[in-house]
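K.L.:
Chain order of the listed sequences is D and U.
Straight run, no breaks: the first sequence in the numbering used here ends on number 367.
Straight run, no breaks: the second sequence in the numbering used here ends on number 694.
Hints are computed from structural coordinates only; laboratory data are not their basis.
Only a predicted model underlies this, so the values are computations on that prediction, with no experimental measurement involved.
Accuracy of the hints is not assured; some may be wrong.
What the hints assert, rightly or not - Chain D is faced by these chain U residues, among others (derived, beta-carbon under 10 Å):
{"hint": "1", "residue": "M440"}
{"hint": "2", "residue": "A458"}
{"hint": "3", "residue": "D460"}
{"hint": "4", "residue": "Y471"}
{"hint": "5", "residue": "M472"}
{"hint": "6", "residue": "G510"}
{"hint": "7", "residue": "G561"}
{"hint": "8", "residue": "V564"}
{"hint": "9", "residue": "R688"}
Stated by the list, open to error - In silico SDA-like links for lysine to any residue, alpha-carbon gap of 20 Å or less:
{"hint": "10", "chain 1": "D", "residue 1": "K156", "chain 2": "U", "residue 2": "A555"}
{"hint": "11", "chain 1": "U", "residue 1": "K388", "chain 2": "U", "residue 2": "A555"}
{"hint": "12", "chain 1": "D", "residue 1": "K156", "chain 2": "U", "residue 2": "K388"}
Stated by the list, open to error - If we take Cβ atoms under 10 Å as the criterion, some of the chain U residues that face chain D in the derived model are:
{"hint": "13", "residue": "F431"}
{"hint": "14", "residue": "A438"}
{"hint": "15", "residue": "G442"}
{"hint": "16", "residue": "Q476"}
{"hint": "17", "residue": "P552"}
All C-beta atoms, glycine included, are put in the ideal place defined by N, C-alpha and C.
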Amino acid sequence: MTSSSTPSTQQRDSEQVPIPGPDVLLKWLRDMMLIREFEVRAMQAYQNKLAGGFLHVYNGQEAVAVGTIAALKSDDPVITAYRDHGHALARGLDPKVGMAELFGRIGGCAKGKGGSMHFFDAPNHMYGGHGIVGAQTPLGAGLAFATKYEDEVIRKRPNSRVTLCFLGDGALNQGAFHEAANLAKVMDIPVIFIVENNQYAMGTSIERCTSAAGNLVHKAVAYDMDAITVDGMDVIKTYRDMKALVDDIRETPRPAFVDMHCYRFKGHSMSDPRKYRTHEEEQENESNDPIDGLSKFLVKTGVLEEAAIKTMSKEVRTEIRAAVKWAEASPEPDISELYHDVYVDTWGPYTGTSLPEFMRDSSKEKS
Amino acid sequence: MSRTIEFRDALREAMSDEMRKDPKVFLIGEEVAQYDGAYKVSRGMLDEFGPSRIIDTPISETGFAGLGIGAAMMGLRPIVEFMSWSFSLVAADQILNNAPKMLYMSGGQFQVPIVFRGNDGAGGQLGSTHSWCVESLYANVPGLKIVIPSDPYDAKGLLTAAIRDPDPVFCLESERMLSMTGEVPEEAYELPIGKAVIRRPGTDCTVVSFGRPVHFCMAAAEILAKEGIDIEVIDGRSVKPLDIDTIAESVRRTNSCVVVDQSWSFASVGSEVAAEVHRVCFDDLDNHVHRVHSDDVPAPYAHNLEAEMLPNERKICEAVRSVTYNA
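Next up, chain D with everything else stripped away, as it sits in the complex:
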């Protein structure tokens, strides 16, 4: 599938973007497998009461996180909503640190204080993980504003970074998104709003709650913003469409909008019986599994043999099993953590702040 466009948008040619070589494609496959396995184990852990709260898994949408983030440079900011494990892992979060966060342990990315909906990874420029629908969109505009400000105002050089701000199709109906979109346009902010259009706002289908449901790029017309539609079930197409867009936005800072077609294989959260959609619909979409899609492509093009895929899948299972073990072994946060990280400043009962273990231990901060 190629990019489609609204009447107001430029046609850009993602066909010009070369398909990456075998090493990169293999990494994408592994990353997608890793995300899927992470989620499978997270669901298990949830059922075993190792994880609490709300758990929103990413099964089915792996190509979106992997394909879009592959189009970025390492210091481009990424921000998303509460279905955030996939983005964090694709950005490079160590799965054991993510799993420990789910388990509410001190080794978690947020020391067990954030939980499933609040995955943060500063060294990998992952800015959350945000629980309120749409509330991350002004923040995303702010991240992109700051990168441009740092470049143009402080360092006196052209803009060098692009921010990806993910939201669900349900978030299109929040005022915060529309304010962020308008601001981004009038201020020429280099942020790409990626609507992960999995067709359901929790249990309400997009036709029931969102105008222009059949063609979301119409939303962008109101903000005079470039917009494309992308097949988010195909990681190669996602990457090529996004790479062309990201490069363009980096060159000429301004916002853009992506209607990213995808499907959520599981329920909204763990308590969702999915009565609002048919089994047939689910089966049809699951037959378009993004991991199978890339696997088949790699076999067909002779990059990989079936056996190698099995080996890779086994490796990933081992890695995630180890992550679960590591997370289980990580202690619960000390009670003193309750009053830590509330303020940077130390006053009254508050004890200041410090970085989480994974940032202190590794000291492998990427620039």
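Please build the complex by placing chain U on the supplied structure of chain D, with the hints as guidance.
P.N.:
Showing chain U alone in chain D's frame:
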């Protein structure tokens, strides 16, 4: 060297001084640039710093408050102006969920060094929607600090401290005080956030207040002095952190306390101060702490009704007489 300037000039000096020193500081809000500030607080700043650092926004509080928070997560130091804190209510999710909780939710990864500032409280016959006192609502939330300057000297010192502070700080100003003049040093200086000041020493009763009502207390002190009641007026300067030490030290001398808080009484800054004084000074008190608030009604338009609603001199005098058994 000090000179006499207006409250609004003091605020502007704090912002301009910090902007000259630190390129990460910028000002964003409605009408802050080309209009020279809806209340002329930012007058002339566009000329000095240009449109990349003095930034006009659409009327879009959720958008620009959130944008500021995102920028602060990246290490910039935004000053976000709300034309009125009344308008901050539409941005409540951003300023109460995102700014003060980011550090905690990210396990210490992302600080949010941001200042939100603007006019708080009754502006003068603006009616109910435009007369919000947000201090009691917002002080309930952990992770943020609230300062309320009551004169030009404090305005510059507290706002300077707020801009330099690593945590989110809400600076609550008053439209009714922007033209007030006072002695302000030319050079930059900070007043510590969380430290109260005794405005008027006295022996008979400790009267604690914040912001504009501090002046109502000073006026009440003159009336009460003629009756032989000598009150000590404490300007809390910041609501959060609350300087209970300075208040308690005073109450231990006067053995009585009145709190004057312009927000509504229920679950308020006033009730918090009263609870703290009761906790810390229980054995020192000759009477329970009395509280003076705005009346528990929407702010009315009519001049006489608004004047009656506010925590005015008459109500303060009545409370002091009552708490000191002079009623």
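K.L.:
Are the hints correct? Go through all of them and say.
P.N.:
Outcome of the hint check:
no., hint, in the structure
1, M440, "6 Å, holds"
2, A458, "9 Å, holds"
3, D460, "6 Å, holds"
4, Y471, "5 Å, holds"
5, M472, "5 Å, holds"
6, G510, "6 Å, holds"
7, G561, "6 Å, holds"
8, V564, "18 Å, violated"
9, R688, "34 Å, violated"
10, K156(D) <-> A555(U), "27 Å, violated"
11, K388(U) <-> A555(U), "11 Å, holds"
12, K156(D) <-> K388(U), "17 Å, holds"
13, F431, "6 Å, holds"
14, A438, "4 Å, holds"
15, G442, "7 Å, holds"
16, Q476, "4 Å, holds"
17, P552, "25 Å, violated"
Going down the numbered hints, you'll see the structure goes against 8, 9, 10, 17, while the others check out.
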